[in-house]
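Q: Protein chains in written order, with this note's numbering: chain A, 246 to 629; chain B, 15 to 490.
Calculated from the structure, these hints are not laboratory results.
Note that this is a predicted model, so its numbers are computed, not measured.
No false leads were mixed into what you were given.
Chain B is faced by these chain A residues, among others (derived, beta-carbon under 10 Å):
hint : residue
1    : Cys265
2    : Tyr267
3    : Glu279
4    : Phe308
5    : Pro311
6    : Gly448
7    : Gly449
8    : Pro459
Straight-line distance between alpha carbons at most 27 Å, and here's what the computed DSSO-like set of lysine-lysine pairs gives:
hint : chain 1 : residue 1 : chain 2 : residue 2
9    : A       : Lys533    : B       : Lys66
10   : A       : Lys527    : B       : Lys66
11   : A       : Lys458    : B       : Lys66
12   : A       : Lys458    : B       : Lys171
13   : A       : Lys527    : B       : Lys171
14   : B       : Lys277    : B       : Lys360
15   : B       : Lys124    : B       : Lys171
16   : B       : Lys226    : B       : Lys277
17   : B       : Lys122    : B       : Lys433
18   : B       : Lys255    : B       : Lys226
A virtual CB, placed ideally from N, CA and C, is assigned to each residue, including glycine.
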Amino acid sequence: MHATDALAEADRQITICNACRYCEGLCAVFPALEMQRSFTDGDLNYLANLCHNCGACYHDCQFAPPHEFAVNIPKILAEVRNDSYARYAWPRALAPAFARNGLFTAVLVALCVSVFLIGVIAVNAPGALFSAHTSPEGFYALMPHNMMVWLFGPAFVFALAALAMGMRNFWRDANAANAVNADSPSLRQAMRDAGSLRYLDGGGVGCFNDDDKPTDNRRLWHHLTFYGFLLCLAATSTGTVYHYAFGWEAPYDWWNLPQLLGTAGGIGLAIGACGLLAARRKRISALKDGRMAGMDVAFTLMLLLTAVTGLGLHILAMTPLMGPLLVVHLGVVFALFLTMPYGKFVHGLYRFMALCRYAVARRYGLRRPGSAAAPVAQSAATRG
Amino acid sequence: MADPNDPAALPIRDLDTRYDVVVVGGGNAALCAAIAATRSGASVVVIEQSDKFNRGGNTRHTRNLRCAHDEGNQILTGPYTEEEFWDDLLRVTGGRTDEELARFTIAKSKELWDWMNASGVRFQQPLGGTLGLGRTNAFFLGGGRAMLNGLYSVAEKLGVEIRYEATVVDLDIADGFFSSAVVETANDRYRVHARTLVTAAGGFESNIEWLKEYWGDRAENFLIRGTRNNRGTILRMLLDKGIEPVGDPTQCHAVAIDARSPKFDGGIVTRLDCIVFGIVLNKNCERFYDEGEDFWPKRYAIWGRLVADQPGQIAYIVFDDKSMGSFMPSVYPAIEAQTLPELATKLDLDPEAFTRTVTKFNDTVVDGTFNTDEHDDCRTEGLSPPKSHWARRIDTAPFYAYPVRPGITFTYLGTRVNKEARVMTTDGTPSANIFAAGEIMAGNVLGQGYLAGIGMTIGAVFGRVAGEEAARYARN
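Only chain A is shown next, with the shape it has when bound in the complex (with noise of 0.2 Å):
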């Protein structure tokens, strides 16, 4: 009935999550999950994107191991999620890639530009690498900015081109069974509840890491994280529109736009990988999907090589070690980028589409595929 053993302990689980309901006011998981009698594929892999894994119904649980019905919702959807990953993934040839993007290959990948670009640098300006810093036009004397956008564009759109296929892949599963219209308030609130991590806070009390104390500030690493990475991206497209549209050519001075969004972005994206990564070390064994962590670590880790690598080339800008920083902080933002669409970095795709779902589910209810408008049946409440 489900394509691989861990749906078809989620199913067990969550039937047993909806008999109980104690957990209702955590999560979004919980409510959504009221919402249905029985769970297809599409709809497991929506309720384990739904989840953030703040570990509250783990420690609130009376049915958790070693009780005999043994529920352990965190653990159990982390992995149905984890797999969803790989499920949905575009083109599914590349789907295996998932199980094996580990530290290993994100930073093979990072080594192979790197090597690359220093052989194209060889050719291209003999001898500049380590003698850049000294000429006007910046990193630009290393590699043409025509170079770098004809080297990095085709990735960026492929990398584009493949989430959007996965998120694509997603919602179509999610909606197989009981499908909802998305509308803009839905969309509005699921920005404000992902935009928040609204629901990684333990229903209020806080969320769970290393032990049973509600005393985990992953909430605030992600913070960092996720901002830090918006501030990046921000500066590179100042970057972009002041290039293109003023005509105004890297490098800019430490006061210009770009450079400000970058180094908060990347002082922010540091703190905060590092505080993430710290956290999932000390991160109870009970909470985690045991198979995949080299996924979380390679995505988090690449996150925080690229902000030390791009801080590094504001620091060093004016040394001789500019150019070959230059060269590894490329090669690893184009890592990034490869491994993208087949690494951790979707976690943040398929949760904010979990969470538009979610919202439109609250306000319009769950309707069948191809109908106009019924909601499919709630309970009766029966029991007073």
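On the provided structure of chain A, position chain B as indicated by the hints.
A: Below, chain B alone, put in the same frame as chain A:
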């Protein structure tokens, strides 16, 4: 030669510390007592029989507490006056309540919202399918175990000493005066000296042998919805040492739960709310009670007893596809078949007798307008026993059944107490330093029946009072 693996053979050592209060039990009432006593300046040790995961006895399976309030708040949807609470209590107990203690409980319940919030407990909106309780009952965010986690966390911060996997095997009580308790662990035996004793160790529903004194061999087939640790050992000790009993020893709260449930700790998920949608047959394929007598919330608590009186203490709720999905889901899937004889075979019942009973029921159903929000006109005519409401023919495949057995929630027998939570001795005087709180004394207030969330109310109110009074006594 003494067996080194048998703790009972170990010598009893004396603990060095002399505590102000020793609390026996680890649930809501026990923790409220421990917190209140510590806040009143007492040194407190909690002796909890279970391990850390299973701590808290039946509190783990609870989800709300009932409290009087003159105004609604962000969670409670409207006022619930003391008078209305009293009327509800009077109705469910049929007057089997100590009015003074009951009114005291209700009055003190008004303080629980603030007190619980200050003691680590968080509340949430009423759960799906329980909207009827949104005004009267405050639901614990994350349920009873979350509530316990909050209480334990605050108790630990206050400096309460908690000893898990420790069983009180003897109480030194003379003339209603407590002096020490003997505690046994896996590899130790020790005597705890304390100035006062708070007993909050639950009822005796997990003690099948004790239940058999009143129910005979039928009790072998009972399932216990909560902790396996409520064996009534502390209750027995108190009653044997001259404490006055209260409540009917033969009575327990019993509902019909899924027969496939674990013997203990199945909790809320094993309940079945579908009796009004179908018919209930015993193992001889006979109906035995009007399934549509009244709304389910008013009738669910009689079905445990009804099933207990059937052969083998088992019965089968039978319904058809029309009703599937109309009631709260439960932990085990319904047994399903395309025909009635096939369903009977799957249930290990006689297919002929089974089909005959269902057909006879179908033949007597009078057509009406089905409506579970009111006492509708869908009923049987000329059937004994009748189904008075919500009767629809069982004729649409697939057909479904749930096997059910009596599921025991709690027992009513307890120790008599006064308003200071002091236990009363058989000569009518209150003990100077022995207190009781929770299920072990709930029978004072709830002599019969049940009102959702009142067990937690009694536990919290008397736990708090017991803790404060014990601390006051210990200080003087």
